[in-house]
Amino acid sequence: MEGLTALTDRQSIEFRVPKAAPPELRLQGKLTLSEAAALWDSTRKRVAAVAPGQTIHFDMSRVEAIDGGTMALLVHLRNDLKIRGVHSEFIGASGRVQDLVHLYHGDDAPIRRERRKPKSTLEQIGEGTLGVVHEVREVFGFFGALLLGVAGLLREPRTANWKEVPHLMERTGADAVPIVVLINFLVGFVMAFQGAAQLKQFGANIFVADLVGLSVTRELGPLMTAIIVCGRSGAAFAAEIGTMKVSEEIDALRTMGFGPYRYLVMPRALALFLVLPLLTLIADAVGIAGGLVVGLLSLDLTVVGYLSETRKAIATWDVFSGVLKSAVFAIAIALVSCQQGFATSGGAEGVGRRTTSSVVTILFALILLDALFTLFFHYFGL
Amino acid sequence: MNPIIQVRDLTMGFDESTLWENVSFDVGRGEVFAILGGSGCGKSTLLRCLVGLETPVAGDIAIAGIGRPNLDVGRPPFGVMFQSGALFGSMTVGENVALGLEEWTDLPPDAIRAVVLAKLRLVGLEGAANKFPSELSGGMKKRAGIARALALEPELIFLDEPSAGLDPVSAVELDELICTMNESFDLTVVIVTHELESIFKIAKRCIMLDREAKGIIAEGAPAKLRNESPDPRVRGFFNRLPGHS
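The listed protein sequences correspond, in order, to chains R and D. Taking the numbering used here, I'd label the letters of the first sequence as residues 1 to 382. Taking the numbering used here, I'd label the letters of the second sequence as residues 1001 to 1245.
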C-alpha cells in the first residue's frame, strides 16, 4: 500500500489495497485539465501494475471538483485497462462529480476501440490510381460539357456572357502590362549580359542583338508572358470559379437557365485568347529593349546598330510563331484553370487546393506545349 | 388536387449506398409544401433532384406537365433560393435580380430596373439594389435570393432551408413573406426545412423523410401528423423529442 502523493497544490492521489476488496486508486482535490499532466502520468503508472483479470476501483469520493477534460482522460484510461483485460469502475462519486461520470459514460461498460490499421503500400497505390482515374474522368467530363456548350453557343451566340469579355480583358491584359514589361525587360537584360561575356571574347558584340532578338521572340517572350498570366489570371479564374462552386453560385446559375460553361468559361477563354498575343508582342519589344540597354552600356553598341542587327536577325515568322504559341497557351490557361475551378469541392481548403493545382497543371501544360511546338517547327523547318 | 409536381418511385444514392428509395408524392398548385426530416436524411438532395441539379438513380419527376427539368435547355419553369442565398458576389443585389430578366426577356434596361426595384421592395430590401452581397446580413441575403428567384414570375419556387441560421425575428418575417407570396400570387412553394415554427406557420402539407427508413415515413398536414401520427418517429420530430428523426 502506498501513501498519499501530492501531484499539485490542489490534487493528490493515493493507491490503496483494502483487505478483501479490489485495489483502489483514490483521487483527491480539484481535478482540472490544466493540471492533468501529472495526474495522467501518475495514474497510468499505478494502474500499469494491475495484472490482467484483476479489478481496480477509481475512488472519486474525495474529488471536490472535476472538469470534462480530466473526466475524459479517466474514461479513456478505463478503456485502455479493458483492452489489457483489467476490470475497472468509478466508485464513490456523488453530486456534480457523479453527473460528469455519467455524462462521459464512465458508468457504462468500457468500449473496446478498434485500432486504425495503417494503409498498406498496395492500398495506397490503389487509392492513388483510382484518384487519377477519377480526375481524368472529371477532365473528360469537363471537356465534353464544354464541347456541348460550344455547340449550343454556335446555335445561340447571344447566350454567352459576352459583355464580361471587355472587363476580363482589362483584368487579364491591361492590368498585367506592368509586370509583363518588368519581367521581360529583365529577361532580355540578363540574357544580353550573359551572352555579352562570351561574345566579347570573339569580338562578336553585335551578335548579342541576334541572340536576344531570336530567343525573346521565338521562346522566352511567349513563355514568360504565359507563365505570368498563369500566375495572375489562371490562379484567379480557378479561385473565382471554385468559390462560386462551393457557395452554390454555379448551381444558382444553372437553375436560372445559364449554362455555366457558356457563361463562365467562354468569356474567360476569349479574353485570354485576345490579350495574351498582345501581351506577348509587348514582351518581345521590352525584351529586345532590355538587350539594347546592355548593348549600349557595356558593349559600346549604338541604338541604330543594335536595332538594325535585330531587324536583320528576326524574320516575321519568328515573331508570328511566338504569337501563335501564345494564342494556344491562352486557351490552355483558360481551360485548365476553369476545369480546376469546376472540380472544386470541400470549402475554402478545396478552393486553395484547386488553385495550387491549376497553377502547377498549367505550368506543366505550357512547358509541354512549348516542347511540342519546338519539335513541330523543327520538323517542318519553320 | 391539381398537381404541379409529380414524383414517382424516385430513388437516390451515392457510391453504392442508397439515400432514399421509392419516394412518391404530388405537390398541388398554389400549395406550400414542406420536405421535412432530420439532418442527413436527404431533404436537400431531394430538392436538388426536383430542380434538376442531381440525377436520381431511378424514378420519374414531372414539373408543370413536363418531365424532369433539363437545366441545359432553356429557362426552367421555377425559381430556386439556396440555403446561403447563393448571390453572385461580383454583382450588386440589383444586378443579381436583373440577371434573369436581362437573359430571358426583351425588356429595356429602365423597365428591368423598375421590375428589380419592385421585387426588392416586395422582399423588404428597398435601398439595397446597389449594395454588394458582402454588405448584407444573412437574412437580407436570403431575401435577395427570394427576389432573384421571383424575378421571372415563376409559378413555382423552391426554398432550401430559408430560415436556417436566422434570428427569430428575421425567421418570422421570412415566414410571413412566404405566406404573402403564396396567398397573393398563388405561388406554389416547396420548402426544405426542419424549423418547426416555420412548418406549422406556412406549410399546408408535408412529407417527412427518415434516414433509417430510407424514404418517406409520413405525409399530410403538419398539425395532423403531430397530433395523430401513430409513428413515434413522426411524433418525436414534431414534439422535439431527442433520438427521433
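Careful, some of the hints might be misleading.
One-sided excerpt, in silico: chain R residues whose CB lies under 8 Å from chain D [what the hints assert, rightly or not]:
| no. | residue |
| --- | --- |
| 1 | Ser120 |
| 2 | Thr121 |
| 3 | Gly203 |
| 4 | Lys245 |
| 5 | Glu249 |
| 6 | Ala252 |
| 7 | Gly257 |
Only pairs whose alpha carbons sit at most 27 Å apart, straight line, appear in this in silico BS3-like list of lysine-lysine [said to hold, decoys possible]:
| no. | chain 1 | residue 1 | chain 2 | residue 2 |
| --- | --- | --- | --- | --- |
| 8 | D | Lys1131 | R | Lys245 |
| 9 | D | Lys1214 | D | Lys1224 |
| 10 | D | Lys1214 | R | Lys163 |
| 11 | D | Lys1204 | D | Lys1224 |
| 12 | R | Lys163 | R | Lys119 |
Here are some of the chain R residues that sit facing chain D, going by a computed Cβ distance under 10 Å [to be verified]:
| no. | residue |
| --- | --- |
| 13 | Glu64 |
| 14 | Ala65 |
| 15 | Asp67 |
| 16 | Gly144 |
| 17 | Gly149 |
| 18 | Val150 |
| 19 | Pro157 |
| 20 | Phe189 |
| 21 | Asn205 |
| 22 | Ser247 |
| 23 | Met256 |
It is worth saying that the hints were derived from the structure and are not from the lab. No residue lacks a Cβ here, since even glycine has one placed at the ideal position from N, Cα and C.
Here is what the structure says about each hint:
1. Ser120: 22 Å, violated
2. Thr121: 24 Å, violated
3. Gly203: 59 Å, violated
4. Lys245: 11 Å, violated
5. Glu249: 5 Å, holds
6. Ala252: Since chain D brings a Cβ to about 4 Å from Ala252 (chain R), closer than 8 Å, the hint holds.
7. Gly257: 4 Å, holds
8. D:Lys1131 - R:Lys245: Since the Cα atoms of Lys1131 (chain D) and Lys245 (chain R) sit roughly 22 Å apart, the hinted pair holds (cutoff 27 Å).
9. D:Lys1214 - D:Lys1224: Holds, at about 23 Å.
10. D:Lys1214 - R:Lys163: Violated, because 46 Å separates the two Cα atoms, which is more than 27 Å.
11. D:Lys1204 - D:Lys1224: Since the Cα atoms of Lys1204 (chain D) and Lys1224 (chain D) sit roughly 10 Å apart, the hinted pair holds (cutoff 27 Å).
12. R:Lys163 - R:Lys119: It is violated: about 51 Å lies between the C-alpha atoms, which goes past 27 Å.
13. Glu64: Violated, about 31 Å.
14. Ala65: This hint is violated: Ala65 (chain R) lies away from chain D, its Cβ roughly 28 Å from the closest one there, beyond 10 Å.
15. Asp67: 25 Å, violated
16. Gly144: 12 Å, violated
17. Gly149: Nearest chain D Cβ about 9 Å off; hint holds.
18. Val150: 13 Å, violated
19. Pro157: This hint is violated: Pro157 (chain R) lies away from chain D, its Cβ roughly 14 Å from the closest one there, beyond 10 Å.
20. Phe189: 38 Å, violated
21. Asn205: 53 Å, violated
22. Ser247: 6 Å, holds
23. Met256: At about 5 Å, which falls below the 10 Å cut-off, the nearest Cβ of chain D leaves the hint on Met256 (chain R) intact, so it holds.
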